[in-house]
Every structure is written in structure tokens, then in C-alpha cells.
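Asker: Protein chains in written order, with the numbering used here: chain A, 1 to 493; chain B, 494 to 861.
Hints are computed from structural coordinates only; laboratory data are not their basis.
Hints are not guaranteed to be accurate.
Simulated pairs of lysine-lysine, DSS-like, Cα-Cα distance not exceeding 27 Å [as the list claims (entries may be wrong)]:
#1 K451/A x K518/B
#2 K507/B x K69/A
#3 K512/B x K69/A
#4 K116/A x K127/A
#5 K451/A x K519/B
#6 K145/A x K717/B
#7 K349/A x K279/A
#8 K451/A x K510/B
#9 K499/B x K127/A
#10 K499/B x K609/B
#11 K530/B x K854/B
One-letter residues, chain by chain:
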Amino acid sequence: MDRTKPLTGELAKLRDEILGYATDYGLTFYPVMFEVCNYDTVCILAANGGFPNRYPHWRFGMEYDQLNKGNTYGFQKIYELVINTDPCYAYLLSSNRFVDQKLVMAHVYGHADFFKNNAWFSSTNRKMMDVMANNGTKIRKYMEKYGVDRVETFIDTILSFENLIDMLELVKPDANFKPPQEDELVKDDRSQSLRSFMGSKLGQDESEVKKQIEENPLDKLDEKVRGSRDIMKFLMEYAPVEEWEADIIGLLREEAYYFLPQRITKIMNEGWASYWHSKILTNKALRSSEIFDYADVHSGVMAMNQQNINPYRIGIELFRDIEYRWDTGKFGKDYLECDNMTEKANWNKNTNLGREKIFEIRKSHNDITFIDEFFTQEFCERMQLFTYKYNPRTGRNEIESREFDDIKSKLLQQLTNFGNPVIEVESANYKNRGDLLLRHVHQGVDLDVSKTNETLRNMHQVWKRGVSITTQVEGVNKIISFDGKEISEVSQK
Amino acid sequence: MDHPIKRDHARFRKIIKGKIRDSLKKYISRGEMPIPKGNGQFKVPMPSINTPRFIFGDKSQGGSGQGEGQAGDPVDGEGEPGQGEAGEGEGNKELDVDMSLDELAAILGDELELPKIEPKGKKNLQSTVDRYTSIGTVGPDSLKHYKRTYKEALKRQIAMGTYDPSNPIVVPTKADMRYRSADTKVEFENSAVVIYMMDVSGSMGDEQKEIVRTESFWINLWLKSQYKDIEIRYIIHDATAKEVDENTFFKTRESGGTLISSALKLCKEIIQEDYNSSDWNIYPFHFSDGDNWSMEDTNLCLNILKEDIIPNSNVFCYGQVESRYGSGQFYKDLSTAFGEEHEDVILSKIKNKDAILGSIKDFLGKGK
Numbered sequence: 001m002d003r004t005k006p007l008t009g010e011l012a013k014l015r016d017e018i019l020g021y022a023t024d025y026g027l028t029f030y031p032v033m034f035e036v037c038n039y040d041t042v043c044i045l046a047a048n049g050g051f052p053n054r055y056p057h058w059r060f061g062m063e064y065d066q067l068n069k070g071n072t073y074g075f076q077k078i079y080e081l082v083i084n085t086d087p088c089y090a091y092l093l094s095s096n097r098f099v100d101q102k103l104v105m106a107h108v109y110g111h112a113d114f115f116k117n118n119a120w121f122s123s124t125n126r127k128m129m130d131v132m133a134n135n136g137t138k139i140r141k142y143m144e145k146y147g148v149d150r151v152e153t154f155i156d157t158i159l160s161f162e163n164l165i166d167m168l169e170l171v172k173p174d175a176n177f178k179p180p181q182e183d184e185l186v187k188d189d190r191s192q193s194l195r196s197f198m199g200s201k202l203g204q205d206e207s208e209v210k211k212q213i214e215e216n217p218l219d220k221l222d223e224k225v226r227g228s229r230d231i232m233k234f235l236m237e238y239a240p241v242e243e244w245e246a247d248i249i250g251l252l253r254e255e256a257y258y259f260l261p262q263r264i265t266k267i268m269n270e271g272w273a274s275y276w277h278s279k280i281l282t283n284k285a286l287r288s289s290e291i292f293d294y295a296d297v298h299s300g301v302m303a304m305n306q307q308n309i310n311p312y313r314i315g316i317e318l319f320r321d322i323e324y325r326w327d328t329g330k331f332g333k334d335y336l337e338c339d340n341m342t343e344k345a346n347w348n349k350n351t352n353l354g355r356e357k358i359f360e361i362r363k364s365h366n367d368i369t370f371i372d373e374f375f376t377q378e379f380c381e382r383m384q385l386f387t388y389k390y391n392p393r394t395g396r397n398e399i400e401s402r403e404f405d406d407i408k409s410k411l412l413q414q415l416t417n418f419g420n421p422v423i424e425v426e427s428a429n430y431k432n433r434g435d436l437l438l439r440h441v442h443q444g445v446d447l448d449v450s451k452t453n454e455t456l457r458n459m460h461q462v463w464k465r466g467v468s469i470t471t472q473v474e475g476v477n478k479i480i481s482f483d484g485k486e487i488s489e490v491s492q493k
Numbered sequence: 494m495d496h497p498i499k500r501d502h503a504r505f506r507k508i509i510k511g512k513i514r515d516s517l518k519k520y521i522s523r524g525e526m527p528i529p530k531g532n533g534q535f536k537v538p539m540p541s542i543n544t545p546r547f548i549f550g551d552k553s554q555g556g557s558g559q560g561e562g563q564a565g566d567p568v569d570g571e572g573e574p575g576q577g578e579a580g581e582g583e584g585n586k587e588l589d590v591d592m593s594l595d596e597l598a599a600i601l602g603d604e605l606e607l608p609k610i611e612p613k614g615k616k617n618l619q620s621t622v623d624r625y626t627s628i629g630t631v632g633p634d635s636l637k638h639y640k641r642t643y644k645e646a647l648k649r650q651i652a653m654g655t656y657d658p659s660n661p662i663v664v665p666t667k668a669d670m671r672y673r674s675a676d677t678k679v680e681f682e683n684s685a686v687v688i689y690m691m692d693v694s695g696s697m698g699d700e701q702k703e704i705v706r707t708e709s710f711w712i713n714l715w716l717k718s719q720y721k722d723i724e725i726r727y728i729i730h731d732a733t734a735k736e737v738d739e740n741t742f743f744k745t746r747e748s749g750g751t752l753i754s755s756a757l758k759l760c761k762e763i764i765q766e767d768y769n770s771s772d773w774n775i776y777p778f779h780f781s782d783g784d785n786w787s788m789e790d791t792n793l794c795l796n797i798l799k800e801d802i803i804p805n806s807n808v809f810c811y812g813q814v815e816s817r818y819g820s821g822q823f824y825k826d827l828s829t830a831f832g833e834e835h836e837d838v839i840l841s842k843i844k845n846k847d848a849i850l851g852s853i854k855d856f857l858g859k860g861k
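Model the full structure from these sequences, guided by the hints.
Answerer: As C-alpha cells, this is what we get:
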């Protein structure tokens with residue numbers, strides 16, 4: 001039984017219509033394959049990160065459990081699901097109204113354009129559908145060979161380090177997330193990066209490579225690895241693990257890097273897609289009888305939220321703001337240096353560069369640079385943004401500030417390193433006994449202590465020797481270590 | 494075939510059950526009870542099973558939001574923006590896991606190694622249930638079993654040599670048709686009644702009642718999983734006894750003296766009036782802090798127990814909740830009268846919340 005069906009009849013016609021508008025507006029994308037499916041299937045796909053086939057793991061089951069429940073209780077609904085592949089797959093919920101499908105299609109074309117054109121997606125493997133399926137097959141094979149529990153436990157451990165990757169890897173000239181050549185695959189189905197690592201020692205057989213690593217003086221290794229933020233890769237290459245384990249690290253790393261561009265462009269991506277669904281629907285596709293239904297859905301998506309900023313809303317408003325500023329010439333030296341407020345408010349040089357500008361921005365920016373460069377005081381005030389902080393006295397979160405500078409730096413700080421602490425390798429020969437020392441590059445926010453301890457335990461499982469991390473807790477420099485038996489903390493002056 | 498995620502889901506459920514089992518003792522002693530949802534399902538709150546990562550501490554981080562308000566105003570409102578992008582959810586929420594009564598009872602049973610209860614073998618009602626568990630050669634089209642049908646056809650074609658692997662077309666004939674068919678199973682319908690008696694005199698404080706409440710929840714859960722029908726009656730007593738509903742049972746606080754015999758008398762009457770012991774499995778539970786007004790009354794109690802209650806019940810259970818004021822004398826009296834190892838009388842002391850689990854095992858561990 002197929003869980004998804006291609007578009008037919010009315011919906012196929014609608015797709016052609018929306019596709020026409022999207023192309024007319026200058027959006028470009030890989031072919032978009034729409035499929036219709038029921039809610040259960042959308043939940044399955046969403047739980048799997050959009051993919052029909054993943055490796056077996058309980059966390060997908062947990063995700064599914066929650067999505068499914070969310071639907072049953074009616075407080076959560078997935079409208080659309082689109083996957084960054086070539087062709088680009090998008091799923092429409094069969095129970096959606098016709099006007100919803102219109103909106104979703106337009107929204108999806110926005111995403112598809114972003115996937116194809118944004119620089120941070122340039123190294124993405126667009127055949128991820130196959131890669132994910134292959135990873136699934138491989139892990140199942142390992143499970144047959146080494147036992148389900150053993151493999152699952154190992155995956156659980158490695159998932160602890162899923163966020164220890166380096167986003168700059170995405171734009172390195174030799175970023176190797178591209179699909180491998182067909183013939184390469186036949187010879188060697190190990191994960192891409194493990195293969196390339198082994199391959200770099202060309203002409204040597206693998207035991208020699210391992211030996212070489214062992215013989216490599218550890219302090220020399222330190223020079224090489226110090227400062228590396230791609231800790232997944234570091235572990236894959238230098239941790240004393242078996243080959244199948246290194247392979248699993250490698251392919252979980254590949255998957256993590258696949259999802260990374262979406263994590264660092266959330267605001268832009270959603271903003272861009274929302275901008276286009278709004279533009280296409282209100283200017284072209286909506287019939288007058290559908291306006292209320294559309295407005296209802298659209299405003300739901302754009303709702304403000306006190307606890308988190310809504311990326312859809314900030315994104316679309318910022319794109320619109322930029323378009324307006326570049327249309328009226330409210331940018332550049334003249335405008336910024338003008339100190340006549342009336343003149344500034346009525347500024348209009350009819351530059352009409354707005355559309356061009358936003359296309360340019362969607363090509364090269366990510367969320368951080370997007371906010372850093374285009375988030376202005378006027379915009380900030382219009383969006384009613386604020387920062388909040390936990391007040392230990394009242395035991396609740398309270399609004400802290402409505403100052404532009406505070407908000408901007410808070411936003412940037414939340415976006416830095418996709419919202420994760422920056423952790424890098426400091427030494428692979430700490431205390432001169434092969435211990436691993438990581439460094440938390442403290443940027444004002446402390447680590448969660450109990451989670452840190454648990455992560456160190458997991459790291460120890462893989463590194464098999466002592467693991468430590470330098471960080472700051474409430475202003476005091478500390479080294480937290482796990483030696484295989486217990487967690488210890490040493491404060492430093 | 495079902496989507497592989499169903500297997501992931503089953504795996505997840507298994508892990509969850511393991512977690513609940515591991516922390517069952519904690520749940521029970523903390524009095525955190527699964528919340529019944531009405532359809533035979535229970536909601537079990539549990540800490541989510543997040544993978545540990547290096548992440549920012551929650552409280553020192555703060556955040557940014559959108560909306561009205563001035564500095565110092567509390568930030569409220571929860572929830573996600575309208576749509577969700579797949580593959581990114583960090584899932585920091587607490588998990589609410591749905592468990593059916595049977596699943597929960599199975600966990601309790603496994604953890605405490607509870608034996609299955611042998612219902613009293615007297616006139617158990619029998620009923621027949623049809624379950625589609627077998628395959629037949631005749632039946633209506635709506636029950637046609639395609640896979641089996643094609644298997645039969647394939648077997649026949651291979652046997653006859655008409656099957657061509659290069660052109661694998663299998664055509665079932667009438668003789669190949671297979672249908673789901675019903676097996677008739679006899680199910681025993683057995684009914685049980687649990688009669689809870691509790692001393693609500695002044696010496697039983699809130700903590701003692703909380704213990705009784707927790708304990709009765711798990712006992713009910715187990716008995717419900719063992720019997721098809723179950724009725725629960727509640728009796729409170731101080732110097733006099735009355736029958737009440739569940740809510741009143743756990744809320745009432747009286748003062749004054751304690752005549753345990755009053756409750757046992759009422760219990761006896763209830764059994765005589767409503768529950769014929771040859772049709773019903775009867776479980777009287779009595780909880781008190783062990784203080785009785787006089788030895789005279791205690792003797793009266795022993796009489797009622799011996800003459801009426803014990804002969805009619807599966808087992809009589811007495812749980813003594815320790816309190817600051819209670820002397821615990823009643824337990825001693827019962828154990829002198831019946832001995833610690835009596836067939837049909839189970840005595841258990843519950844010192845504090847941590848002892849609840851052990852006491853449940855005392856009561857249910859005999860499989861009666």
C-alpha cells in the first residue's frame with residue numbers, strides 16, 4: 001500500500017497555476033514533487049525528519065508518538081512538509097482545504113527556491129533520500145551482525161555529540177557532503193567522510209593507517225586537532241573505536257550536517273517562504289471567497305509569542321522591511337547620516353531596488369548575518385520585541401529590556417552556533433596521558449551542568465580514557481572531568 | 494506492511510515501560526499516580542528521555558519574545574509558532590505517556606513478581622467470545638485473506654508446474670480462497686468486589702491517608718487487570734461506620750474514638766446483602782493506625798472476622814499505617830489470633846511512603 005499519492009485532477013491543476021506564478025516572480029528550484037497523504041503518514045515523515053526511510057531508532061518513534069498525540073488532542077497540526085532534495089519532495093495533507101493547499105504549495109515553492117539558491121545549502125547532498133535509506137540499511141546490517149542493543153546503545157551515545165559540528169564546514173571548498181560517484185559506492189559503502197579519511201592515506205592498508213595514528217606522537221596530534229569544532233569528525237578519526245563504530249559516527253555526522261543549513265537559516269527560510277506564499281496568494285491565486293480562510297490561517301502562522309520569537313513572523317517582516325527600504329532608498333550613507341527626522345520619515349528616492357535586494361540576501365546570508373545586517377531600531381520597535389530573564393526571586397521569567405542593543409545582541413547570541421555552545425578540542429593528550437580535553441568557548445551563558453556531566457560520561461564511552469571540559473560556571477573558570485568512575489570539578493583562578 | 498516507524502515506536506514504548514518499571518518505586522513512594530483518562534488509558538507523567546548534550550543552562554540564558562508589556566512584567570504563554578519544521582525539535586517537554594490499564598498492571602506485576610490471581614472456582618459465569626484468529630476455506634468476501642489466498646494459489650501452481658518465474662502471474666481459483674474465520678473462545682466472567690475500610694479517627698493524619706490512597710490505587714489497578722468486573726465499596730469509621738463514595742473516603746476527617754468492630758459489622762452486612770460469596774471474589778481491606786478503643790471491641794472484631802468475613806472472602810487484608818499517635822496494638826492482636834502466616838489473612842505494616850510497594854506485595858503476593 002502506498003502511503004502517498006501524486007497529485008491528480010484539481011490539485012494538479014492548482015499546482016500548475018501556482019508553479020506559473022512562482023516562476024513568473026523569478027523563483028528557481030529543482031522540480032517539486034507534491035504528494036498527498038493522510039495525517040498519520042505526515043506524522044511518520046515528520047518524525048523521520050521528512051524522510052520515508054531512516055535508520056531504526058526509538059527517538060523517531062518518540063517523535064511520532066508526540067506528533068500523533070498532538071494531533072489527537074488538537075493542539076498541534078502539521079500543515080506542510082518539504083524536503084531539501086533534488087527533486088524536492090513536498091507532502092500535502094489530504095484533509096487540508098483547497099485554500100490551505102494553495103497556501104502550502106506557494107509556501108513550498110518559497111522553500112524550494114531557498115534550498116536551491118542559498119549559499120549555505122550549496123554543499124548539501126541532494127540525493128539525501130538515498131543516503132538516508134542506505135544509512136538505514138547499513139545500520140540494520142550492523143545490528144544483525146553485532147546485536148541490536150549494542151548498536152542502539154552506541155547510536156544513543158553518539159547522538160550526544162550531534163551538535164558538536166562546525167557550521168563553517170558547510171562552506172569549505174572541499175566540503176564533502178556531495179553524492180559520491182557511482183563506482184565509488186560499489187567498492188566501498190562506508191560513510192563518505194570515513195572513506196575520504198581512509199583514502200587520504202592512499203596506498204596504505206588500513207591496519208597501517210591505524211598503526212600510524214598510534215605511532216603519531218600525541219603532542220604532534222595536539223597541534224593538528226587543537227581548535228577543531230568538528231568533534232564528530234575528530235572522534236571518528238582518532239577515538240579508539242572499531243571500524244563499524246567509526247562508520248556509524250561518520251554517517252550520523254553526515255546526517256547532522258545535512259540538517260545543519262536548515263537550522264542556521266530558520267528565520268530566513270521561513271520568512272522567505274512566508275513572504276512568497278503571501279505575495280502569490282494575495283496578488284494572484286486567491287479567489288475572493290477564500291480571503292477570510294486564508295487570513296485566518298496566515299495570521300495563525302504569524303502569531304506573536306512571548307516566550308520565543310516566531311521565525312515566520314520575524315522573517316517575513318524583515319524581508320518586507322528590507323524590500324521597502326531598498327524601494328525607497330532608505331539605506332546607505334546619505335540616509336544614515338541624515339539627522340532631520342521628518343525628512344528621514346518621508347524619505348523616498350524611488351530607488352525600487354527592493355525585490356532585487358531580497359533576492360540577493362536570500363542567496364548569501366544566514367540568520368546571524370541577516371539579523372546582524374538588517375535588523376534596525378525602527379524594525380525592532382515595530383515588532384514589539386523584548387528580552388526576558390529568569391528572576392530567581394519571583395521564580396519566573398520577566399521582561400528584562402526593550403532596548404534595541406540588548407535585543408539585538410540577545411538575538412545574535414541565541415543564533416550563534418545554531419543556538420548551541422561552542423565547544424572545541426583543546427588537547428587529545430591532556431595531562432600527558434591521552435585524556436581528552438575540550439574547551440567551552442564561553443560567550444556569556446553557562447552550560448547546563450547536569451547535562452554536561454552526562455555528556456562527558458558518553459564521551460568517555462567513546463574516547464575510553466578520561467574526558468574533561470574547561471568552562472565557566474557563575475564567573476569561575478572550571479574544569480569538569482570524568483575519569484570513568486566519577487565526575488570531578490576543579491576551579492581555577 | 495506497516496511503516497518501519499511503527500517498530501521504532503514499539504521500541505520507544507518498550508524503553509518507556511522499562512523506565513517506568515525502573516522508577517516504579519519512586520512513583521509509588523512519591524504518590525505520583527498515573528492519571529486515568531477515562532477510556533481505560535492512563536497518563537503517566539515522566540521526565541523526557543532526552544539525549545544529553547552540551548547545551549546552555551536554561552535559567553541563565555533567558556530569551557527574546559514578542560508582545561506587550563513593560564520591563565519586569567512576567568512572560569507567559571507557551572506554545573510553538575503555528576507550524577513546525579521537521580527534524581529540528583529538541584523536545585524539551587516533559588513526556589506524557591499513555592499506558593493502558595493492562596500495561597501498567599503488567600509493569601506492577603513484573604516488578605513485584607505478583608502471581609496471577611486464581612479466582613475462586615465456584616460458579617464462574619461463562620461467556621463465549623468470537624475472535625478472528627483462524628483461517629477457513631469458506632466465508633464472505635469481506636473476510637477474504639488475500640495473502641493466504643495467493644500463497645495457496647502459488648503452492649498449487651508450483652505443484653502443478655504451471656508457475657513461470659519469469660512471468661510470475663498467480664491466479665487463485667475458488668479452491669485457493671482463504672478466509673479469516675472466527676474461533677469461539679470461552680471466557681470466564683468473574684467478578685470481584687473490594688471493600689475498603691479505613692479508620693478516620695483523629696489519629697489518622699493526612700500523610701496516613703495519602704498512603705492508603707496510593708496503596709488502594711495500585712491494588713485496584715492490579716485487581717482490575719485480573720477480574721473482568723470489579724466493584725469497589727468504601728467504608729469509613731471512627732466509633733461508628735458508614736458507607737461513603739470514593740471522594741468522601743479519602744477526604745473525611747473525624748475525631749473521636751475508634752471502634753473497629755463497627756466497620757467490620759458494616760462490611761459483613763454489605764457482603765451478606767449484595768455479594769454472594771459463591772459468585773463473587775471478595776476482598777476486604779482494612780487500614781488503620783492500629784488503635785482500637787478496647788480489648789473487648791477487639792475480641793468482637795476477631796469474632797466477626799472468624800465467623801463471617803474470612804469464610805466468605807478470598808482473603809482479608811489488614812494494613813497498619815504507622816502514625817505518631819497509633820499504638821499498633823490491633824496488628825499484634827490480629828497476629829496473635831491468626832498467626833503471621835495465615836492462609837486467608839494478610840497483615841502488613843506500612844511505616845512510610847517508601848514501604849508502600851512492599852506492602853502491596855504483601856497483599857497481592859499470595860495470588861489469592
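Asker: Hint by hint, note whether the structure agrees.
Answerer: Structure-based check of all given hints:
1. K451/A x K518/B: holds (24 Å)
2. K507/B x K69/A: holds (18 Å)
3. K512/B x K69/A: Holds - the C-alpha atoms of K69/A and K512/B are around 20 Å apart, at most 27 Å.
4. K116/A x K127/A: The given pair, whose Cα atoms are some 13 Å apart, holds under the 27 Å limit.
5. K451/A x K519/B: holds (22 Å)
6. K145/A x K717/B: The hint is violated at about 43 Å.
7. K349/A x K279/A: Given that 27 Å is the threshold and the Cα spacing comes to 24 Å, the pair holds.
8. K451/A x K510/B: Holds, at roughly 23 Å.
9. K499/B x K127/A: Holds, at about 25 Å.
10. K499/B x K609/B: violated (30 Å)
11. K530/B x K854/B: At roughly 26 Å apart (the allowed maximum being 27 Å), K854/B and K530/B satisfy the hint.
Going down the numbered hints, you'll see the structure goes against 6 and 10, while the others check out.
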